[in-house]
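Participant: With the hints as a guide, dock the two chains, each given alone in a separate frame, to form the complex.
Residue numbers (our numbering), protein chains in the order written: chain A, 1 to 377; chain B, 378 to 663.
Keep in mind the hints are simulated off the structure, nothing from the lab.
These numbers were taken from a predicted model, which means no experiment stands behind them.
In silico contact screen, one side only, chain A against chain B (beta carbon under 7 Å); selected entries:
id: 1; residue: E9
id: 2; residue: T83
id: 3; residue: L345
id: 4; residue: V349
id: 5; residue: D350
Here are the in silico distance ranges between beta carbons for each label pair:
id: 6; chain 1: A; residue 1: E366; chain 2: B; residue 2: R613; range: 17 to 25 Å
id: 7; chain 1: A; residue 1: D183; chain 2: B; residue 2: A516; range: 21 to 29 Å
id: 8; chain 1: A; residue 1: G272; chain 2: B; residue 2: A516; range: 22 to 30 Å
id: 9; chain 1: B; residue 1: F604; chain 2: A; residue 2: L94; range: 56 to 64 Å
id: 10; chain 1: B; residue 1: T624; chain 2: A; residue 2: R362; range: 21 to 29 Å
Footprint (simulated), chain A over chain B, 3 or more residues, beta carbon under 8 Å:
id: 11; stretch: 403-415
id: 12; stretch: 420-431
id: 13; stretch: 451-460
id: 14; stretch: 506-520
id: 15; stretch: 618-631
Cβ atoms here follow ideal geometry from the backbone N, Cα and C, with glycine treated the same way.
The primary structure of each chain is shown beneath.
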Amino acid sequence: MYVAVKGGERAIAKSHELLARARRGDPGVPELSIAQIKEQLRLAVARVMSEGSLYDEDLAALAIKQAAGDLIEAIFLLRAYRTTLPRLSESQPLATGRMRLARRISAAFKDLPGGQVLGPTYDYTQRLLDFSLMDEVSETMPAGAASAEAFAEPFAESIVAPGIGELLGREGLLEAALPKADDPAPYDLTRDPLLFPVDRATRLQNLARGDEGFLLAMGYSTQRGYSTTHPFAGEIRHGAVPVEVFVDELGFAVEVGEIELTECQLITDFEGSATQAPQFTRGYGLAFGHAERKAMAMALVDRALRAREFGEQINLRDHPANNEEFVLSHSDNVEASGFVQHLKLPHYVDFQSNLDLLRRLRTEWEAARAAANREAA
Amino acid sequence: MSVQDGYNFAYLDEQTKRMIRRALLKAVAIPGYQVPFGSREMPLPYGWGTGGIQVTASLIGADDVLKVIDQGADDTTNAVNIRSFFRKVTGVATTEQTREATLIQTRHRIPETPLAAGQILVFQVPIPEPLRWLEPREAETRTMHALREYGVMHVKLYEDIARHGRIATTYDYPVIVNDHYLMRPSPIPKFDNPKLHRNPALMLFGAGREKRVYAVPPYTDVRSLDFDDHPFAIERWEQPCALCAATDSYLDEIILDDAGNRMFVCSDTEYCAGRQAAGHKGALAA
Numbered sequence: 001m002y003v004a005v006k007g008g009e010r011a012i013a014k015s016h017e018l019l020a021r022a023r024r025g026d027p028g029v030p031e032l033s034i035a036q037i038k039e040q041l042r043l044a045v046a047r048v049m050s051e052g053s054l055y056d057e058d059l060a061a062l063a064i065k066q067a068a069g070d071l072i073e074a075i076f077l078l079r080a081y082r083t084t085l086p087r088l089s090e091s092q093p094l095a096t097g098r099m100r101l102a103r104r105i106s107a108a109f110k111d112l113p114g115g116q117v118l119g120p121t122y123d124y125t126q127r128l129l130d131f132s133l134m135d136e137v138s139e140t141m142p143a144g145a146a147s148a149e150a151f152a153e154p155f156a157e158s159i160v161a162p163g164i165g166e167l168l169g170r171e172g173l174l175e176a177a178l179p180k181a182d183d184p185a186p187y188d189l190t191r192d193p194l195l196f197p198v199d200r201a202t203r204l205q206n207l208a209r210g211d212e213g214f215l216l217a218m219g220y221s222t223q224r225g226y227s228t229t230h231p232f233a234g235e236i237r238h239g240a241v242p243v244e245v246f247v248d249e250l251g252f253a254v255e256v257g258e259i260e261l262t263e264c265q266l267i268t269d270f271e272g273s274a275t276q277a278p279q280f281t282r283g284y285g286l287a288f289g290h291a292e293r294k295a296m297a298m299a300l301v302d303r304a305l306r307a308r309e310f311g312e313q314i315n316l317r318d319h320p321a322n323n324e325e326f327v328l329s330h331s332d333n334v335e336a337s338g339f340v341q342h343l344k345l346p347h348y349v350d351f352q353s354n355l356d357l358l359r360r361l362r363t364e365w366e367a368a369r370a371a372a373n374r375e376a377a
Numbered sequence: 378m379s380v381q382d383g384y385n386f387a388y389l390d391e392q393t394k395r396m397i398r399r400a401l402l403k404a405v406a407i408p409g410y411q412v413p414f415g416s417r418e419m420p421l422p423y424g425w426g427t428g429g430i431q432v433t434a435s436l437i438g439a440d441d442v443l444k445v446i447d448q449g450a451d452d453t454t455n456a457v458n459i460r461s462f463f464r465k466v467t468g469v470a471t472t473e474q475t476r477e478a479t480l481i482q483t484r485h486r487i488p489e490t491p492l493a494a495g496q497i498l499v500f501q502v503p504i505p506e507p508l509r510w511l512e513p514r515e516a517e518t519r520t521m522h523a524l525r526e527y528g529v530m531h532v533k534l535y536e537d538i539a540r541h542g543r544i545a546t547t548y549d550y551p552v553i554v555n556d557h558y559l560m561r562p563s564p565i566p567k568f569d570n571p572k573l574h575r576n577p578a579l580m581l582f583g584a585g586r587e588k589r590v591y592a593v594p595p596y597t598d599v600r601s602l603d604f605d606d607h608p609f610a611i612e613r614w615e616q617p618c619a620l621c622a623a624t625d626s627y628l629d630e631i632i633l634d635d636a637g638n639r640m641f642v643c644s645d646t647e648y649c650a651g652r653q654a655a656g657h658k659g660a661l662a663a
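The shape of chain B in the complex, shown without the other chains (with noise of 0.2 Å):
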C-alpha cells in the first residue's frame, strides 16, 4: 500500500481542511487579525512548519504546483523534506521556479522574483504574537489588538534608538496591516517587509504549535514601524552576489576557509541560477 493510498489527498481529513479553510477565510476577512484554529498533530514535528504544511494541505489540489523554499532556498533539508512529504501526500508537481509555482511554502524568506495575482504564499510561523515579548498573557494581549493599543511596541522601537541609536529590530520586523493589526511577518529579514506591502499575490500565515492563522490578502496595505526621524531602511550590502552580481537581493555570507574570507551570494537560489543562466557573471561565478 502506497502512503497516498493509506492516507487522505495532502493527508488531512476533509473535515480538518475544512476546519483550516474557514479559518482562513476569517482571516482574509479580517487582515492581521489572528485566527485560533485547530491545529492538528502533524508528522513533522512542531516548530518545522506544521502550520505552514497545515495550510498548504487544506488549499492544495491535483493542478497546484507547489513550490517549498526555506531561507530562500529550494534544496535546504527541511525545504526537501516538505516538498517530499506533498509529492508523498497528493502527487501534484512540484517547480523551483518562483513563476511556475501557484503555492508557495516558505521559512524566513519571500521570493525575490516578483509574485503575480492568483499566487498564493505561505509562510512558517514560529510565534505569531507580536506582542508576547512585551506582554506575556494571550488575554491581555487579545484585548490589546482589538483596541489598537501599540504604544509598547513603539516605546520599545524607541528605547532600540535611546540605546543603540538605531531600531535593533532586524527581522520579524513589526508591521501594520490595513491600519489596524499589528502583525508578525514571521521571520523574515525586514529586506522583505516592502514586498508585503500591496503584493499581488495572497499571503497566508500558519503558525502550528501556536494554532493561529492570519493573512495579508492581495493589495493590501502593510507599514513596517518607523518614527519620522528614524524611518524604516532594509539591509544593504557594499557588494554584489558573488554568483550573479545580483545588487538587488538578499545575500547570505559564506566563510570560504580557516584565513576567514568570505563571500556574499543571493539567498534565493532560483532567482541567483536564474540570472547566471541569462549571463549574469559574479566575481567567483564558475
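Looking at chain A on its own, in the form it has when it is part of the complex (with noise of 0.2 Å):
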C-alpha cells in the first residue's frame, strides 16, 4: 500500500519555528538590537532601504535582524512592506548642489571650489584585518573623536559646494541636465508596469532600485569592451539633504527632514554632429545612504544606456549593457530571486510531461539505430 507524501500546514508551522531558532543563534549569545544594526551596519541599511526603495533606518535594520543578514531577503520584507504604504505626496527635487557633504571627491580635477574632501572611505584602508575588533569591549577610537557629539552630527562640517554639473555647464562643455518645459510627473515603476521603450527617468528609478551585484557586473562589463563608453569619475559625493514638500494650504515647501544619498556624475565624451556642439555627457547614479560602488556602478549602466540617443554605435546582442529591455529587465534582485528560486516548488506535472516524451523519443531512436545496424550488415 502506498501513501502519498502530504506537504501541509503542520510541516510549515515547524519549518518556521526552526527558522527562528537557526536566525537566533547561540541564545547564550546577547541578541542584536535594531540599534547596533543601524548603527554598525549601517551600509548594508543603505543597501537595503536603496533596493528596498524606502527610506527607513529603523524598518531595514528591523529587516536585516529577521533575515539574518541576507540582504536580497531583507529587500523583499522592505519592499512587502512598503508596497501597503499610502502615497501622501511627492516631495520637490532634491536639491543634491545643496547637500551637506561628509565627502566629495572628483577624479577629473584635482581641485574644484568646495575642495576635496576624503570624508569616511574604504578606499585608502589596508585591507589588513584588524584583530582588536575581535573584542567587541577593548574597541577604541581615535583620541579626540570619542566623544558621544562627534557621532551625533556626521555632517558636522557642513561643507556645502557646486555640483561638478554647474562647474562645468557654465562653459557649456558639459550637457545641461535641466527639466524639460513640460516636464511630466515622474512614472512610478512600483504602481504601474515597465513598458518599453522607456524614457531616462523610468529607467533611472529602475536601475535605483537594481541589485548591486548586478549593476556593477553590468558597469564593469563597459570597461572591458562591451560597450563603448569611456568615463570619468566627475564627482562623487555623499552627504546629507533636505526633503521639501510643497504644501499647498500654506502654498510654499516646507523641509520634513534629510536624508543621507550618495550621487555620481560620471562624465564621457561625446563627438557632436551637425545641430550639436561636442560636448561631455553625462552619467548618473543615486543612492539612498553611503553606497558609491552601488551609484558609480548605476551611472556607468545609465550611461551605457543612453547610447542610442547619442547615435553611437551599438551592438545589442553582443553588449548587453547597452541592451535596455536586457538590463532593465532583469535588474531587479526581488523579482530575480523569486524566479530562480521557484524552481524550488513542484513540477512533477511538468517533469512527467517530459519523461514521457524522452521515453518515446528513446524508443524511436533505438529502433532507428537498430534499423540502420541491420541494413549496415
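Facilitator: See below:
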C-alpha cells in the first residue's frame, strides 16, 4: 500500500519554528538590537533602503535582523511592507548641490570649489584584518573623536559645494541636466508596469532599485569592451540633503526631514553632431545612504543605456549593457530571486510530461539505430 | 491585532483591486491578449504565484469558496501556503472540492472534474509571452501579436518534427485563442489543453513578475497549434491510476524503492480521493 506525501500546514509551522531558532543562534550570545544594526552595519542598512525603495533606517535594520543578514531577503521584506503604504505626496526635486557633504571627490579635477573631501572611506585602508575588533569590549576610537557629540552629527563641518555639473556647465562643456519645459510627473514603477521603450527618468528609477551586484557586473562589462563608453568620475558626493514638500494650504514648500544620499556624476565624451557642438555627456547614479559602488555602477549603466540617444554604434546582441530591455528586465533582485528560487516548487507534472516524451524519443532512437545496424550488416 | 484587522480584506487596497479588475475586464474583452497591469509587490516571492494571488485577491468576496491547487494537488506546500494566506487575509471558506469552489487558483493543472458556468479558474503564470524564446524583445513581440505574425512559432514546431519526428513541447503548449492571439496556457501539461476549449468557466491568467494578465472567457475557442500530418495529441499512460483506477486522468510517476519500482497516480488529488470514496480501487489502493 502506498501513502502519498503530504506537505501540509504542520510541516510549514514546524519549519517556521526551526527558522526562528536558526535566526537567533546560540541564546547564550546577547541578541542584536535594531540600534546596533543601524549604527554598526550602516552600509547594509543603506543597501536595503536603496533597493527596498524605502528610506527608513529602523525598518531596514529590522528587516536585516529578521532576514538573518540576507540582504536580498531583507530588501524583499521591506518592499512587501512598502507596497502597502499610502502615497501621501511627492517631494520637491532634491537639490543635491546643496548637500551637506561628508565626502566629495572628483577624479577629473585636482582641485575644485568646495575642495576634495575624503571623508569616511575604505578606499585607502590597507585591507589587513584588524584583530583588535575581535574583542568587542576593547574597541578603541582614535583620541579626540570618542565624544558622543562627534557621532551625533556626522556632517558637523557642513560643507556645501556646487556640483561638477554646475561648474562645467557654465562653459557649455557638459550637457545640461535640466527638466524639459513640459516635464511630466515621474512614472512610478511600483504602481505601473515597465513598458518598453522607456524614458531616462523611468530607467534611472529602475536602476536605483536595481541589484548592486547586477549593476556592478553590467557597469564593469562596459569597461572591458562590451560597450563604447570611456568615463571619468566627474564627482562622487555623499552627505545629507533636505527633503521638501509643497504644502498647498501654505502655498510654499516646507522641509520635512533630511536623507543621506550618495550621488555620482560620470563624465564621458561625445563627438557632437551637425546640430550639437561637441561636449561631455553624463551618466548618473544615486543611492540612499553611503553607497558609492552602487552609485558608480548605476552611472556607468545609465550612460551605456543612453548610447542610442547619442547615435553611438551599438551592438545589442554582444553588448548587453547597451540593451535596455535586457538590463531593465533583469536588474531587480526581488524578481530575480523569486523566479530563480521558484524552481524549488514542485514541477512533477511538467517533469512527467517531459519524461513521457523522452521515453518515446529514446524508444524511437533505439529502433532507428537497430534498423540502421541491420542495414549495415 | 490580527492580520485581518491590520490589512484590507484580501490584502490589496480597494484602488489596487479596481485597477486589476479593470485590466481583467480588458483581458476578457480581448481573449488571449496580454494586458499590462501595475503588479504589486506581494508578501510572497515573485515566481511563486504573485500574479494569480493578485487576480484572486482582486475578485474574492466574503461569500466565495476558494480552492487552491499546485500540480493538481490541494496539499502541496505552496498550495497550502497560498490557501492559508487567503484564509488569513479574507476569512473566506476554503474547500478541496472542485465542484464546491467558486474560485480556484491553480498552478500547472486544470482540475479533472469538469468546471461549471459561474466558476473562475485563476492560473499562475511564470512567463506570459509565447514568443519570448523566439523573439526576446518585448517591443517586437507586441507588433507580432498585433499582426498575428506567428510564423516563427510554426517554424519552431516544424523544426521539432524535423529533428525529433514529433513536436517536442509537452507543457505550456501554445494555443490560438478565439482565432487571433497566440497564448501560453501557463505550464499545464498539454494533456490539459483540450479543457481550455469552450470551457464554461471563466479562465484568468496572472503573471505578477512580468506584470501581465490575460483571459479566456467562457465558451471561447482555444486551438492547440499543430499540422495536418502531425495532429495535436495528449499524453497517454499504459496503466490506470494505481489508487483509483482512473484511465482518463493525468498521472504522476512515483518512485517506490531503490530498485526503481514505480507507480502511477492521479496528479489531481481531489479527483482521485473522490473516485476512491465512490468505490473505485486501483492495484495499490489500501
